[in-house]
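Full structure from sequences and hints, please.
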Amino acid sequence: MHAARAAGIDAFDVVWSDVNDEAGFLKEVDLIRKMGFNGKSLINPRQIDLLHNAYAPTQEEVDYARRVIAAAEEGERNGLGVVILSALEIDVGFNVNVITGSDGVMRGASGGHCDVAAAANLTIVVAPLLRSRIPTVVKRVTTRLTPGESIDVLVTDHGIAVNPARPEVRERLIAAGLNVVDIHALCERAVAIAGEPKPIEFTDRIVGVVRYRDGSVIDVVRQVKE
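With UniProt numbering applied, the sequence shown corresponds to residues 1 to 226, in that order.
Simulated from the structure, these hints should not be mistaken for lab results.
Keep in mind that the hints are not guaranteed to be accurate.
[To be verified] No farther apart than 30 Å at their CA atoms in a straight line, the calculated lysine-lysine pairs in the DSS-like style are these:
{"hint": "1", "residue 1": "K198", "residue 2": "K27"}
{"hint": "2", "residue 1": "K225", "residue 2": "K40"}
{"hint": "3", "residue 1": "K198", "residue 2": "K40"}
{"hint": "4", "residue 1": "K139", "residue 2": "K27"}
{"hint": "5", "residue 1": "K198", "residue 2": "K139"}
{"hint": "6", "residue 1": "K34", "residue 2": "K225"}
Laid out in structure tokens, this is it:
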């Protein structure tokens, strides 16, 4: 699959020969979809709808993608170039994770998160410091989807952190009397409130590949150890 990505072509998985084993077929399709394959070769018409349904985005993924697109279009119409995005995790390097939960399991697609963040003049991430006593601001995200250089501001319920690459934004926010803090301080505060999260244990098996907007691989998702 990596060779296909490097060559700029689609990657398709091999056939599932047992056409009567729909459960096994769907389990493998779910795996290859998470790994980043564009599709799967088929040998029986009965598998077509199963494959299409498995690859179709969920309503939650569609709704999120629409919200991201709407935010980008509104910013462009108003000539502001400002977008507001969410995050499951954001680390002290401003890298963002929106696809794997606190348990390390993939939750869905990105919905164009990295594309919108990179294209905007000012990208703001809004997220609570904690979700169910689980830190959102962490030392290192579980899965890197949107690089930190594309994120300018993090707004939390415990303060606002500004990427060091945007000192002019930080100065304006301070001048406006807003509570601007260092992102490392936010990370430390999250740990002080909720404690240090137990590290997720993974196997060596790769179940997903994260590709940036230029097609390059910037991270992988590994299987959670049971």
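Each hint, compared with the structure:
1. K198 - K27: Distance ~29 Å between K198 and K27 Cα, so the pair holds.
2. K225 - K40: 26 Å, holds
3. K198 - K40: Between K198 and K40 the Cα gap is close to 37 Å, so the pair fails against 30 Å, i.e. violated.
4. K139 - K27: 33 Å, violated
5. K198 - K139: 13 Å, holds
6. K34 - K225: Given pair K34, K225 holds - Cα atoms ~17 Å apart, limit 30 Å.
Of the numbered hints stated above, those contradicted by the structure are hints 3 and 4, listed in ascending order.
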